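Peer 1: Next come the chains, spelled out residue by residue.
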Amino acid sequence: AQKVTQAQTEISVVEKEDVTLDCVYETRDTTYYLFWYKQPPSGELVFLIRRNSFDEQNEISGRYSWNFQKSTSSFNFTITASQVVDSAVYFCALKGGSSNTGKLIFGQGTTLQVKP
Amino acid sequence: EAQVTQNPRYLITVTGKKLTVTCSQNMNHEYMSWYRQDPGLGLRQIYYSMNVEVTDKGDVPEGYKVSRKEKRNFPLILESPSPNQTSLYFCASSPHGQGKWNTIYFGEGSWLTVV
Chain A
167 AQKVTQAQTE
177 ISVVEKEDVT
187 LDCVYETRDT
197 TYYLFWYKQP
207 PSGELVFLIR
217 RNSFDEQNEI
227 SGRYSWNFQK
237 STSSFNFTIT
247 ASQVVDSAVY
257 FCALKGGSSN
267 TGKLIFGQGT
277 TLQVKP
Chain B
-13 EAQVTQNPRY
-3 LITVTGKKLT
7 VTCSQNMNHE
17 YMSWYRQDPG
27 LGLRQIYYSM
37 NVEVTDKGDV
47 PEGYKVSRKE
57 KRNFPLILES
67 PSPNQTSLYF
77 CASSPHGQGK
87 WNTIYFGEGS
97 WLTVV
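Order-wise, the sequence lines are chains A and B.
Quick note: the first sequence, position 101, residue 267 per our numbering, numbers continuous.
Quick note: the second sequence, position 73, residue 59 per our numbering, numbers continuous.
This is chain A alone, in the form it adopts within the complex:
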């Protein structure tokens, strides 16, 4: 079975703090794909990053960074110097390489509130 766990339901920080959102996944596939999406209060799902299982390089994009650790089946997301506009629900998602449906398995999401 495939599963994504985002253990943090809600996180509240003050602007300029760094914050890390945790994501732990389960899959038996040797090839798989991991994603992070942002859902602001307006409701849309905004793609942030995709990582293939065979590429363990960490990535940084501006204030965002991602730490992919196959050994612990984790794909954590860090926002540096958080801003109020970062307030949203963040989803981690998994697509197994053996899937023929293209279905993404989503975590339950972490609601991030950044206070001014």
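Just so you know, these hints were derived from the structure itself, not from any lab.
Quantities reported herein were computed from a predicted structural model and do not represent experimental measurements.
Just so you know, not all the hints are guaranteed correct.
Residues from chain B that face chain A, not an exhaustive set, calculated with beta carbons under 7 Å [said to hold, decoys possible]:
1. -4
2. 17
3. 19
4. 28
5. 89
6. 91
Using N, Cα and C, we set each Cβ at its ideal position, and we do this for glycine too.
Got chain A; can you put chain B on it based on the hints?
Peer 2: Frame of chain A; chain B shown alone:
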């Protein structure tokens, strides 16, 4: 600009009145899919399509129909909507189908209320 466009974005309708939620992508993507998002249940796949004229059921297809007559369009049809179909619906597309998976892009979502 590359995008997945859904219409309507917001709709309140009555039980039993057929409705269609359109989805169009301008990226020449082969793969398209529909999800619904509900509190406590997360995002669940309704239907997907690997290419033109190729569609299949996802996890929660009951009460929905789809068609894929053209590559760019993938409408979601509710023949006889019921209140349990009140949800936030997302259309998604991806450059490749089976065997070659790339980034999956979502539309802006369609808030549907059935009374």
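Peer 1: Next step is simple, just say for each hint if it's right about the structure.
Peer 2: For each hint, the structure was consulted:
no.	hint	in the structure
1	-4	10 Å, violated
2	17	5 Å, holds
3	19	6 Å, holds
4	28	5 Å, holds
5	89	5 Å, holds
6	91	6 Å, holds
Comparing the model with each numbered hint stated earlier shows that hint 1 is the single one that does not hold.
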